[in-house]
Amino acid sequence: MNDTNPHSDDAPPTTWKRGDSLGAAAISERKDDAIVARAVTINRPVAEVFAYFRDFANLPTFMENVERIDILSDTRSHWVVKAPAGKTVEWDAVVTEEAQDRLIAWTSEPGADVANSGRVEFRDAGARGTVVTATIAYDPPGGVIGKLIAKMFQREPAIQARRDLRRFKQLMETGEIATAAMNRKQHEEELA
Amino acid sequence: MRALAWHGKHDVRVDTVDDPQIVNPRDCIIKVTATAICGSDLHLYDGYIPTMQAGDILGHEFMGEVVEIGAKSTLKKGQKVVVPFTIACGSCYHCGKHQYSACDNGLPADNQDIAQELYGQPMSGLFGYSHMTGGYAGGQAEYVRVPFSDVGPIVIPDGVEDEKVLFLSDILPTGWMAAENAQIEPGDTVAVWGCGPVGLFAVQSAFLMGAERVIAIDHFPHRLELAKKFGAETINYEESAVYEALMVMTGGIGPDAVIDSVGLEAHGFFVDNVLDQIKASTFLGTDRAHSIRQAIIACRKGGRVSMPAVYGGFIDKFPLGALMEKGLTLKTGQTHVQHYMPALLNAIMEGKIDTTFLISHRMDLEDAPKGYDMFKNNQNEVTKVVLKPGFN
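These protein sequence lines map, in sequence, to chains A and B.
Going by the working numbering, the first residue of the first sequence is number -17, and it counts up by one from there.
Going by the working numbering, the first residue of the second sequence is number 99, and it counts up by one from there.
Here chain A stands alone, though its shape is the one from the complex (with noise of 0.2 Å):
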């Protein structure tokens, strides 16, 4: 990649301000994907962190819009995604990398509702826990159900990976994800 790198400084490619698809094609085989890049400091060892997170039916605990996954096997999931107006989208996602305690990417499989690939590196940052950098290319999808969900994956998507990290930083951290429910009918009514 540095081949091609058109920059004369050190930050990362889904931060540039131009060559987009210079960025998303660090992850994506579709350079016109939407990418999403966000990095956490989790107060963790790596070991810890990256089991958590490998086991994807963990993911929805701290994903607020992944209702459930299911393991097909080693490499294979299915994904049940919230959508708006109490829809769902579904897909099959396969691992295409992994290094223990290092780095875990997926991409969805043909037919997905919304073709989508994630990107998750490790890095022991030792007294400091572990620094998770994730990144997100999805394909907005066309059609008036796709403006549906583009809807939420167009505007949300960087949002909802920031809160899902944090999310996950808190369960990591301290056990529980914080919230400010003043009682258990107010947190489920959050959490739905």
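Read the hints as simulated data drawn from the structure, not as lab findings.
Predicted model only: the values in this text are computed from it and were never measured.
Glycine residues also receive a C-beta, built at the ideal position from the N, C-alpha and C atoms.
Below, a sample of chain A positions facing chain B; criterion: calculated Cβ distance under 10 Å:
| hint | residue |
| --- | --- |
| 1 | 46 |
| 2 | 144 |
| 3 | 152 |
| 4 | 155 |
| 5 | 157 |
| 6 | 159 |
| 7 | 160 |
| 8 | 162 |
| 9 | 163 |
| 10 | 166 |
| 11 | 167 |
| 12 | 169 |
With a straight-line Cα cutoff of 25 Å, these simulated DSS-like cross-link-like pairs (lysine-lysine) come out:
| hint | chain 1 | residue 1 | chain 2 | residue 2 |
| --- | --- | --- | --- | --- |
| 13 | B | 175 | A | 167 |
| 14 | B | 262 | B | 327 |
| 15 | B | 170 | A | 167 |
| 16 | B | 486 | B | 474 |
| 17 | B | 129 | A | 167 |
| 18 | B | 399 | B | 424 |
| 19 | B | 262 | B | 326 |
| 20 | B | 474 | B | 262 |
| 21 | B | 129 | B | 174 |
From the structure, some residues in chain B lie toward chain A, with a derived Cβ separation under 10 Å:
| hint | residue |
| --- | --- |
| 22 | 118 |
| 23 | 120 |
| 24 | 122 |
| 25 | 125 |
| 26 | 170 |
| 27 | 203 |
| 28 | 210 |
| 29 | 223 |
| 30 | 235 |
| 31 | 246 |
Given the structure of chain A, go ahead and fit chain B onto it with the hints provided.
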């Protein structure tokens, strides 16, 4: 339960609302025995703080009895505790450095967006202080859900009266940290703007830390009297020119350290302040800030500026040049309450710090709206209002 809810500018009411419950494993529920109205609650009352919603329960200075505990709380039912106003997890990097008000995890994930946009990074949660600080229900109520109860609340020994320890929740540690941030050296002269509760505790703390002289600045005669009681010299800014007085009183040097405990609603009709008021009312700028400007100008070269006062947004005509050219050090921040509580509880128990002198009014929680009105409109006599559920 009954609770004091915000409904708009100068409109607070005691409403009947749902009781709180344990939601997360580290929570506890306390039955409030005493709670106070803070000067910073007046910022909410006056409508200066954004992201308030009708029905929000106010109050961040409170204490009470533990009546319910979550599976991971380390408290026991029946214990008397004082609750820090900052909601901090105790397990993130910042809590590890005792920078509790910078906790990464005190705010719900969704509520972190505003502070992230406005300040660059989100801060800890606060009780009863707008949705930007978490939207947590506050302590001017009969019951409160307290998150992270295993690291926040401090247990009070049996037999100690509430009023002696209540201010551990905010204003005592805030006054103490203000003096600590002034990095006082023996022999120093320290000037304190604002003789509200934080300023008065800063006066006491500064002397305990070795200041030789403390000069207190306000315009309420009664508050200046209180400062004098603790050994401070006073300047009434309605009667004397503050900068000139300070320069003469310090032999032309300026105070070694200055503490601004006034904040965004500085009183007084100074030219820059009037401009700030016009801008605040037209949303061009949110903070009125005469005290911090004056403090920086008065401070001696190479001196220290401590700013415990609450500022939320932007100000202009900030004397950045004076700060730089004079080589001043500026330290500030929301109080790391959890860090200071144990030592300050000891200081109270040993009689080194007087806390109860501050309380001018005691009322039933039901009378809280009257308390706000009095505190807002008669700051000379009303130094601190303590609310007690079932007091009448």
